[in-house]
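Kindly generate the complete structure, drawing on both the sequences and the hints.
The residues making up each chain are set out below.
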Amino acid sequence: MKAMTWSDRLWTALFVLLAGFALLLLVAPSLVVIAISFEPRAYISFPPSGFSLKWYQSLLQNRQLTDSIWVSLTISVYVALIGLVLGVPAAFAAVRGTFPGKASLNAFLLSPQMMPGMVIGIASLFFGAYFAFRASNAMLVAALSVFCLPFVIRITMARLAGLDPRLDEASANLGAGKLETFARVTLPQLGPALLAAGAFTFIEAFDNVTVALFTSDVRGRPLPVELYYLVQNDSTPAIAAISAIEIGLSFLVMLVVARTVGLERLGR
Amino acid sequence: MTAAAISPGRRPGRLVRRMLHGGGFWPALPAVLFLIVFLVLPMLTLLAFGFVTIDRGRIVGDSFTLQPLWAALNDTLVWRLTWRSFYVAVISTVMTLLLAYPVAYLYSQTKGIWRTLMLVAVISPLLTSALVRAYAWLVILGGRRGIVNHTLIQLGVIDEPLRILNTDYAVIIGMTQIHLPFMILPLLAVLAERDRRLEEASFNLGASRAETFFKVVVPMSVPAIFAGLALVFAISYTNFIVPQLLGGGNYATLAVQVYEQTVVVLDWTRGAVLAAILLSSSFAFVFLIVWVGSRINRWSEARA
Numbered sequence: 009m010k011a012m013t014w015s016d017r018l019w020t021a022l023f024v025l026l027a028g029f030a031l032l033l034l035v036a037p038s039l040v041v042i043a044i045s046f047e048p049r050a051y052i053s054f055p056p057s058g059f060s061l062k063w064y065q066s067l068l069q070n071r072q073l074t075d076s077i078w079v080s081l082t083i084s085v086y087v088a089l090i091g092l093v094l095g096v097p098a099a100f101a102a103v104r105g106t107f108p109g110k111a112s113l114n115a116f117l118l119s120p121q122m123m124p125g126m127v128i129g130i131a132s133l134f135f136g137a138y139f140a141f142r143a144s145n146a147m148l149v150a151a152l153s154v155f156c157l158p159f160v161i162r163i164t165m166a167r168l169a170g171l172d173p174r175l176d177e178a179s180a181n182l183g184a185g186k187l188e189t190f191a192r193v194t195l196p197q198l199g200p201a202l203l204a205a206g207a208f209t210f211i212e213a214f215d216n217v218t219v220a221l222f223t224s225d226v227r228g229r230p231l232p233v234e235l236y237y238l239v240q241n242d243s244t245p246a247i248a249a250i251s252a253i254e255i256g257l258s259f260l261v262m263l264v265v266a267r268t269v270g271l272e273r274l275g276r
Numbered sequence: 249m250t251a252a253a254i255s256p257g258r259r260p261g262r263l264v265r266r267m268l269h270g271g272g273f274w275p276a277l278p279a280v281l282f283l284i285v286f287l288v289l290p291m292l293t294l295l296a297f298g299f300v301t302i303d304r305g306r307i308v309g310d311s312f313t314l315q316p317l318w319a320a321l322n323d324t325l326v327w328r329l330t331w332r333s334f335y336v337a338v339i340s341t342v343m344t345l346l347l348a349y350p351v352a353y354l355y356s357q358t359k360g361i362w363r364t365l366m367l368v369a370v371i372s373p374l375l376t377s378a379l380v381r382a383y384a385w386l387v388i389l390g391g392r393r394g395i396v397n398h399t400l401i402q403l404g405v406i407d408e409p410l411r412i413l414n415t416d417y418a419v420i421i422g423m424t425q426i427h428l429p430f431m432i433l434p435l436l437a438v439l440a441e442r443d444r445r446l447e448e449a450s451f452n453l454g455a456s457r458a459e460t461f462f463k464v465v466v467p468m469s470v471p472a473i474f475a476g477l478a479l480v481f482a483i484s485y486t487n488f489i490v491p492q493l494l495g496g497g498n499y500a501t502l503a504v505q506v507y508e509q510t511v512v513v514l515d516w517t518r519g520a521v522l523a524a525i526l527l528s529s530s531f532a533f534v535f536l537i538v539w540v541g542s543r544i545n546r547w548s549e550a551r552a
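Chains A and W, in that order, give the protein sequences.
If you read the first sequence in my numbering, its first letter stands for residue 9, the second for the next number, and so on.
If you read the second sequence in my numbering, its first letter stands for residue 249, the second for the next number, and so on.
These are calculated hints, taken from the structure and not from any lab test.
By construction, the Cβ of each residue, glycine as well, lies at the ideal position given by its N, Cα and C atoms.
Careful: at least some of the hints might be erroneous.
To be verified - Output of the computed footprint for chain W on chain A, the stretches with three or more beta carbons under 8 Å from beta carbons of chain W:
| # | region |
| --- | --- |
| 1 | 70 to 83 |
| 2 | 119 to 133 |
| 3 | 181 to 188 |
| 4 | 227 to 240 |
| 5 | 243 to 251 |
Said to hold, decoys possible - Okay, the calculated beta carbon distance ranges per label pair:
| # | chain 1 | residue 1 | chain 2 | residue 2 | range |
| --- | --- | --- | --- | --- | --- |
| 6 | A | Lys62 | W | Leu365 | 31 to 39 Å |
| 7 | A | Gly185 | W | Val288 | 32 to 40 Å |
| 8 | W | Leu365 | A | Gly58 | 49 to 57 Å |
| 9 | W | Val288 | A | Leu18 | 27 to 35 Å |
| 10 | W | Asp515 | A | Leu195 | 47 to 55 Å |
| 11 | W | Leu314 | A | Ser112 | 46 to 54 Å |
Put into structure tokens, the structure is as follows:
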């Protein structure tokens, strides 16, 4: 390789500088939030003036917050389950299927990802109102399932496309029925992808505010909606504490994804 | 198309065979039905609500009207808000590209632990709620106590706190950071797996690194660049959380206005009309970006 010219050095320096700045920008907010969650005083300062866990303790005493965490956990479990139950077979048809109009089916299945969360939220709100349902967390589960379905389908499709269909054929040739083949040959190979898809959907549903603001129950609000109103009116370190917990949760999900399908997969 | 697969009366023999072969449409049926009920019908309701009179969630019979749409299109406020949504989205999208490309390129040039760490840095914000990150920016950019102002005052760079929060700057900074992973990931996938023989050939022919980068690497990633631009533009243009939290109470974009009309003011007709305008204009811009991208890609392939 040739020696670097002056302009090469300049470009390289600029690139490394920009990349470093971008990486700092990516991680700094989370680190700041974690740091200020340990603030002992009643207002935010950075670096924190000391170390205390009192804001974490205060969360436990805040009934409204603990209730909303529970609501969000329940909603996310439902959304992840619905996503898997609907999404995995759909991904099957989208990858293995041989029927006319397959491309349109795929486009339709992935179409929710073209919709901003807000539009899905408002549409669900109006749809529910039209049929005289009030905004409720059941409606939120339905709306979030629509919003998250493409994640499950894409992750499962990517894994399915990498499987060897001959294994299924071999199983069929050896006399196994369709369901048996699916349960004993295909599913074990899909396992990691399903875990990743479930974890990813769970965290998306747990974090979602754009859909939830429109369709969630007025009583029994999910955590992101509760937080949204809190952030608008207040800036106590308690918000930082709950945010730090959310960041920890996201790391857990990342670990699951990294161990199962690999982090690089998420980009595709 | 799919009708043949789902109506058993038509070609029973083929349907049964398909089901046995596992290549059929039917596994997707539950998802398709679910999307029809919970996406298509709600979207139709949303559109319909823009063109009728609504009273307590009920359509007043036979009241089709174009008046709300006409009123919105003649409202200079709507145009001003659309313009702000547009320029804020454009500036922050361009900034994400400028920051994302070096990260994706550097990622493709590194190995081992650094590579993993970079990936973690890119993905972890993606899994952290946008709300949490908007809150972080509130703390960082906030008034006198905000980290930026506090540090600058301590260092003696400024005497008075800078007014960043509640301006376009805060909104653009917040959006850029929050949407950065969406730009990095498509670039990263393409750059990490690219065929490096072309670059070697370019070096061997005497081109400098910079020349090789701009004439070989960048053209190769044009589809990924435009995929990222389209995605980030769409999510920036329709984001209402960041403008609301970092822009402050008096700051509005088209998306913020949609939120306020439907949730605060409860004027659902206007909310529906504005949501339809937001969605259709977003689609129009995205198609434009994709179209320009495919033109540039064809042009650069033709040159190669």
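Against the structure, the hints come out as follows:
A stretch counts as covered by a chain when three or more of its residues have a beta carbon under 8 Å from one of that chain; for the region 70 to 83 of chain A and chain W the count is 0, and the coverage is violated. Evaluation of the coverage hint for the region 119 to 133 of chain A: fulfilled, as 12 residues show C-beta separations to chain W shorter than 8 Å, against a requirement of three. Counting residues of the region 181 to 188 of chain A whose beta carbon lies closer than 8 Å to any beta carbon of chain W gives 1, which falls below the threshold of three, so the coverage claim is violated. Counting residues of the region 227 to 240 of chain A whose beta carbon lies closer than 8 Å to any beta carbon of chain W gives 5, which meets the minimum of three for the stated coverage.
With 4 residues carrying a beta carbon less than 8 Å from a beta carbon of chain W, the region 243 to 251 of chain A meets the three-residue requirement, and the given coverage holds. Look at Lys62(A) against Leu365(W): about 32 Å separates their beta carbons, and that is inside 31 to 39 Å. Distance hint check for Gly185(A) and Val288(W): the Cβ-Cβ separation is about 35 Å, which falls inside the suggested range of 32 to 40 Å. At about 30 Å, the CB distance of Leu365(W) to Gly58(A) disagrees with the hint of 49 to 57 Å.
Between Val288(W) and Leu18(A) the beta carbons are some 53 Å apart, a value that contradicts the proposed interval 27 to 35 Å. Asp515(W) and Leu195(A) have their C-beta atoms about 50 Å apart, which keeps the hinted 47 to 55 Å range intact. Between Leu314(W) and Ser112(A) the Cβ separation comes to about 31 Å, which falls outside the hinted range of 46 to 54 Å.
The structure shown violates the earlier hints numbered 1, 3, 8, 9, 11.
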